[in-house]
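Protein chains: 2
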Amino acid sequence: MSWVALAGGVGGAKFARGLVKIAQQQQQTLHIIVNTGDDFSMHGLAISPDIDTMLYTLSGAANPDTGWGIAEDTFAAHNQLAKLGGESWFWLGDRDLATHIMRTQLLRAGRTLTQVTSYLAQRLGVPNHAQILPMTNDPVATELLSNGAWLAFQEYFVKLRHDVPISAVRFQGIESAQITAEVSAAVAAAEILFFCPSNPLVSIEPILATGAMRALLTAKKNIPRVGVSPIIGGKALKGPADRMMTELGAESSALGVARYYRDILDIFVLDSEDAALQSAVEQETGMRVIVADTVMRNEEDSVRLAEYIIQKL
Amino acid sequence: MSWVALAGGVGGAKFARGLVKIAQQQQQTLHIIVNTGDDFSMHGLAISPDIDTMLYTLSGAANPDTGWGIAEDTFAAHNQLAKLGGESWFWLGDRDLATHIMRTQLLRAGRTLTQVTSYLAQRLGVPNHAQILPMTNDPVATELLSNGAWLAFQEYFVKLRHDVPISAVRFQGIESAQITAEVSAAVAAAEILFFCPSNPLVSIEPILATGAMRALLTAKKNIPRVGVSPIIGGKALKGPADRMMTELGAESSALGVARYYRDILDIFVLDSEDAALQSAVEQETGMRVIVADTVMRNEEDSVRLAEYIIQKL
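Protein chains in written order, with this note's numbering: chain G, 1 to 313; chain S, 1 to 313.
Mixed in with the good hints, there may be bad ones.
One copy or two, either will do: identical chains are not told apart, so a pair holds if it fits within one copy or between any two.
Mimicking SDA-like on lysine to any residue, the simulated pairs with C-alpha atoms at most 20 angstroms apart in a straight line are [what the hints assert, rightly or not]:
no., residue 1, residue 2
1, K238, I223
2, K235, H162
3, K83, K159
4, K83, R123
Hints in this document: simulated from the structure, not taken from any laboratory.
Since the structure is predicted, the reported quantities are computational estimates derived from the model, not experimental observations.
The following block holds chain G by itself, in its conformation from the complex:
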């Protein structure tokens, strides 16, 4: 028995946290396939922001105020690196830094990102029935075209605070990247598929674009395949998903997200604020709609939402 969830960072991790709890109650294994298109190198260290957010959220270490990083972390090394001339726009807490140092060391020793992620999950205390799987062990780099120049994802997202217009997205390396054996096996065994409320364009799309992933999921017609809208009332709860949708020619709404996923998903979860979109989504995409309170302010919200959706499948 196995569930599979596709996820990016903060929003995805919040929903995954609820799935983890319900999966445990129902003695399911949960495989969370995480975007690695945001991965990058800083100070010579290998950083996987979405995986880290998932690791910290599922182990209970996440900073609840930001969604990223570790709660009550300090920034002594970060400030000293700035003094030594290092870049300082990407905030690395002292405890967070340990993750990147350990990951970099293990990768250099020849371990795969999948192996390293599994090791870190175990050491940090992510429950054993939840497996965090990088979408690929191969390098993929999401880039955004802004005013004629391609920006690395973290440069756009963190350094420029996604405060520039974009006109295109590309995933460098995606042609040769393969999904891992672990991802293949998880998808093959999946009995429910979830798309977490992550950015469709830069969190879920890189996963779908890797190797045979889109074809594998499109073919899984005999299991519930359910997505949760990351956009409520036309706005992203966090990040630039709403503006990116508009800039790339889609509609910044839950309907726009549903259209994006209509070839893969069967069920779509709208926030109760968007209940009026139910018939439009159903008619236009053919998906069944579940209306739920999807805003997750704390772990209880996440568990309640996951439980509610699973009951409705």
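Assemble chain S onto chain G, guided by the hints.
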């Protein structure tokens, strides 16, 4: 006008701190050639303990309680690395860690240890007239034979707290290691040569054993060449120099140190506690002796000692 000092870690840095002040007053350049035989890798990071101690001491950042590390540093990353399964016997403070991260990144980018050290010195605020020079850019690893097994230096010194007997010392890589162009030039221009009160066997000896260093210094007969005893009253102020001397068949005394240096130095500084050894040192080694208060409890002591010795040359 140029002075040259050979040094290891804590004791060497304390004396160098005084030399830096006097060199500034006398408008001298001071080149401090530092042992790199203690260098090692931890968590995949390149660590140069003696260079770091020199950097921190000369920039005023050193922890006065330990002699190593940065004052009031914290250990959040260190503790988290231990939680992630990393080794934790070598204490790396959060701010200290920034040094190792930056060094590792720059070395991987192709810079030499000499270039990296110069960069770090500048960023940390080491005075410009004091140049910290690694003895070599090539890898040299000091190892100690203990109970039939060769131990890496930091394993002996920190992990085992030098609490095991040793029967031999070797410097792995020393056959192919070369002194740098900067070290050669500094020695060629030297008008005074100092051996800081560092461990003769594992701090000064690796420098002398690198490339042509011993021959170059032995040939500098027309300048004052002065060494300060690291052993007072038969005991090392810090570290295992006294026990190592005995274990390796030398005498654990200032006289033993003077014998060790007799082919290179002309002048030897005894602590006033060892004033009774003056005639033995003079007769046996032919060196002129300066008796001084050599215990350096603070920067004022270091400056006073350096000034006193230089006046007596």
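Against the structure, the hints:
no.: 1; hint: K238 to I223; result: neither (30 angstroms within a copy, 70 angstroms between copies)
no.: 2; hint: K235 to H162; result: within (15 angstroms within a copy, 63 angstroms between copies)
no.: 3; hint: K83 to K159; result: within (18 angstroms within a copy, 30 angstroms between copies)
no.: 4; hint: K83 to R123; result: between (31 angstroms within a copy, 7 angstroms between copies)
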